[in-house]
Amino acid sequence: MPTLRKDRWWVQQVVTATVLTLFVGYASWAAFVNKNYYAGSGLHRDLISPFYSPCLTESCVPGSHPGTIITWWTISPALLILIFPLGFRLTCYYYRKAYYRSFWMAPPACAVSDAHSSYSGETRFPLLLQNVHRYFFYAGLVFNVILTIDAFVAFRQPGIGIGFSVGTAVLLINALLLWSYSLSCHSCRHLCGGGVKQFSQSPIRYRVWKLLTPLNGRHMLFAWMSLGFVAFTDLYIRLVASGTIHDYGFHF
Amino acid sequence: MAEEIIRNTAKGEVTMRLWRGDETGGEFAEYVMPAQEGEVVLDVIHRVQATEAPDLACRWNCKAGKCGSCSAEINGRPALMCMTRMDTLPPGEAVTVAPMRTFPILRDLVTDVSYNYEVAKRIPPFHPREKTDDEEEAGGYRMQQIDVERSQEFRKCIECYLCQDVCHVIRDHEENKTAFAGPRFFARSAELEMHPLDVNDRRELLQKEQGLGKCNITKCCTEVCPEHIKITDNAIIPLKERVVDASYDPVAWLGRKILKRRKSTPAEAEADAPSTGPAAVQPEGGVHGIPAPEHADDALVGAWATDAGPGGDAPAEDAPAE
Chain E
1 MPTLRKDRWW VQQVVTATVL TLFVGYASWA AFVNKNYYAG SGLHRDLISP FYSPCLTESC
61 VPGSHPGTII TWWTISPALL ILIFPLGFRL TCYYYRKAYY RSFWMAPPAC AVSDAHSSYS
121 GETRFPLLLQ NVHRYFFYAG LVFNVILTID AFVAFRQPGI GIGFSVGTAV LLINALLLWS
181 YSLSCHSCRH LCGGGVKQFS QSPIRYRVWK LLTPLNGRHM LFAWMSLGFV AFTDLYIRLV
241 ASGTIHDYGF HF
Chain W
1001 MAEEIIRNTA KGEVTMRLWR GDETGGEFAE YVMPAQEGEV VLDVIHRVQA TEAPDLACRW
1061 NCKAGKCGSC SAEINGRPAL MCMTRMDTLP PGEAVTVAPM RTFPILRDLV TDVSYNYEVA
1121 KRIPPFHPRE KTDDEEEAGG YRMQQIDVER SQEFRKCIEC YLCQDVCHVI RDHEENKTAF
1181 AGPRFFARSA ELEMHPLDVN DRRELLQKEQ GLGKCNITKC CTEVCPEHIK ITDNAIIPLK
1241 ERVVDASYDP VAWLGRKILK RRKSTPAEAE ADAPSTGPAA VQPEGGVHGI PAPEHADDAL
1301 VGAWATDAGP GGDAPAEDAP AE
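So the sequence lines, in the order shown, correspond to chains E and W.
The first sequence begins at 1 in our numbering and counts up by one.
The second sequence begins at 1001 in our numbering and counts up by one.
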């Protein structure tokens, strides 16, 4: 790749590609494995992995779901759910930068030549679909509400009462980070106030826009933190559910 | 060469590798200059001119990071020569200075940036709404600070064209120059789109003729901007979202139909543009052959020639109802 740059411009791309590949690898395995995603009453816990919530199919572990809604889905319920967060992150303005640079190499870094001889950007199918980002954002909000409910439900310790455990804290932090990621989204910023022509005519939307703007400036940070933590949350619950580790906590 | 550089560094000298050539070709030439504390790259270039290469061509003017003339690629990174301190560059290595790669070379470090002036001509200028009776009586438009502060960020642009230079859409794909405005002019369009008085709708034009969709938001324009304008986050992405409102979002479309928001049509906006000719620009002459800068500022004059005065000084008075 021709460039006159002398610095190690490729380090960031290698790190990004490695972390994203590890996440996709782990998430795919976790989605297909279809077990150990729920720590239930046998362990006096009510912890469900964010990859499997809401669990709405017949194959869901008893206790992990409010009721079967989808009967025709016979494989892992996670595959039905992960379409939405995956679509949200895939069309995210930050991740687009990350994977266009790291994987597609268009460009690999600033002032480093493209790896492709022609370029049409996001003007043609399938990249034209990046424009549906706001719909994945709406779907992401629904999931955030569900995962927040999961975090509060995790205070329940079946057979013991109400309590607090490491698992509860993990689910709470996970929900908080996912909210931070969603609310710092560029589409969110636009929809809440950025699209207003005259702020003085829409004072409430202006205030919301002002509130979201600093969050938007940290979108990359929230994107990485929430990505890493959602995988950690799944891993933690998986280890608890499989009996590999004990979820320490207390109850009232 | 490495031994020579180390020796030179020990002696308080710096090796400059400067591009020498014209549109037909060229090569890097090395000059060893004494290093002095507090210098910027442009200082050393001037010393090369004064001592060893009086015919070295280099465009510069203010030496204060405000005129946008001395754009170049220093060690491969687009930057202003007058704002790049020598002590921020890796010690013991030759400093490479090349002209901006995106634009045709005129001579040595000087490029023909007239492509940008041609693009600027195609940006529909400021088109204010009619004054209300109250405004006529008061003597002109009144705007609140919160209505203009978003646009003011883009007014910091010094038109150094480093963002245009680094943008891979035209840097690596010359063919896109006919249908891509580039980050500087997306910022200009965003400035106008966000202006509370402007009634032009540039969204279809941005999408279909100015290549907004070609931008894949890799943020290099933001990284190189010497004025630290957040071009991607505050201009390009908001424009992309506005295009989604107009073309890809049925909910927003329905909202517009219900609220019956009045804006000029894209055809009217296009008709406002001073020129709609092709953007492809090839240099025909030397430095003096560059068209006079009847570029963006023509429109900018209109943009702020309201009774409220320049953007930064807009009085914070009550805005009239539209």
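Please note: incorrect hints may appear among the correct ones.
Unchecked claim - Just a sample of chain W residues kept apart from chain E, beta carbon distances all over 12 Å, derived:
| no. | residue |
| --- | --- |
| 1 | Gly1038 |
| 2 | Leu1056 |
| 3 | Trp1060 |
| 4 | Gly1065 |
| 5 | Pro1104 |
| 6 | Tyr1117 |
| 7 | Glu1149 |
| 8 | Asp1198 |
| 9 | Glu1223 |
| 10 | Arg1242 |
| 11 | Asp1249 |
Unchecked claim - Beyond 10 Å from chain E on every Cβ pair, some chain W residues (computed):
| no. | residue |
| --- | --- |
| 12 | Ala1035 |
| 13 | Cys1067 |
| 14 | Gly1068 |
| 15 | Gly1211 |
Unchecked claim - Distance condition first, Cα-Cα at most 35 Å in a straight line; then the derived DSBU-like pairs of lysine-lysine:
| no. | chain 1 | residue 1 | chain 2 | residue 2 |
| --- | --- | --- | --- | --- |
| 16 | W | Lys1156 | W | Lys1121 |
| 17 | W | Lys1063 | W | Lys1208 |
| 18 | W | Lys1121 | E | Lys97 |
| 19 | E | Lys97 | W | Lys1257 |
| 20 | E | Lys6 | W | Lys1230 |
| 21 | W | Lys1156 | W | Lys1131 |
Treat the hints as calculated values from the structure; they're not laboratory data.
Idealized CB from N, CA, C, for every residue including glycine.
Going down the list of hints, with the structure as the test:
1. Gly1038: holds, 23 Å
2. Leu1056: About 18 Å separates leucine 1056(W) from the closest Cβ of chain E, which puts it past 12 Å; holds.
3. Trp1060: Holds, since 21 Å exceeds 12 Å.
4. Gly1065: holds, 19 Å
5. Pro1104: Fine: 18 Å to the nearest Cβ keeps proline 1104(W) off the interface.
6. Tyr1117: holds, 23 Å
7. Glu1149: Its Cβ does come within 12 Å of chain E, the nearest being 8 Å, so this is violated.
8. Asp1198: violated, 8 Å
9. Glu1223: For glutamate 1223(W), whose nearest Cβ neighbour in chain E is about 5 Å away, the distance does not exceed 12 Å, so it is violated.
10. Arg1242: Per Cβ check, arginine 1242(W) is inside 12 Å of chain E; nearest 7 Å; violated.
11. Asp1249: Nearest chain E Cβ is 7 Å from aspartate 1249(W), so the label is violated.
12. Ala1035: holds, 18 Å
13. Cys1067: Check passes; 22 Å lies beyond 10 Å.
14. Gly1068: Glycine 1068(W) is indeed farther than 10 Å from all Cβ atoms of chain E, at 18 Å.
15. Gly1211: Contrary to the label, glycine 1211(W) does not stay out of reach of chain E, its closest Cβ about 7 Å off (not over 10 Å).
16. Lys1156(W) x Lys1121(W): holds, 20 Å
17. Lys1063(W) x Lys1208(W): Outside the cut-off at roughly 39 Å; violated.
18. Lys1121(W) x Lys97(E): holds, 30 Å
19. Lys97(E) x Lys1257(W): Given that 35 Å is the threshold and the Cα spacing comes to 34 Å, the pair holds.
20. Lys6(E) x Lys1230(W): OK: lysine 6(E) and lysine 1230(W) at ~25 Å, within 35 Å.
21. Lys1156(W) x Lys1131(W): This hinted pair holds, its Cα atoms lying about 28 Å apart.
In summary, the numbered hints that this structure violates are 7, 8, 9, 10, 11, 15, 17.
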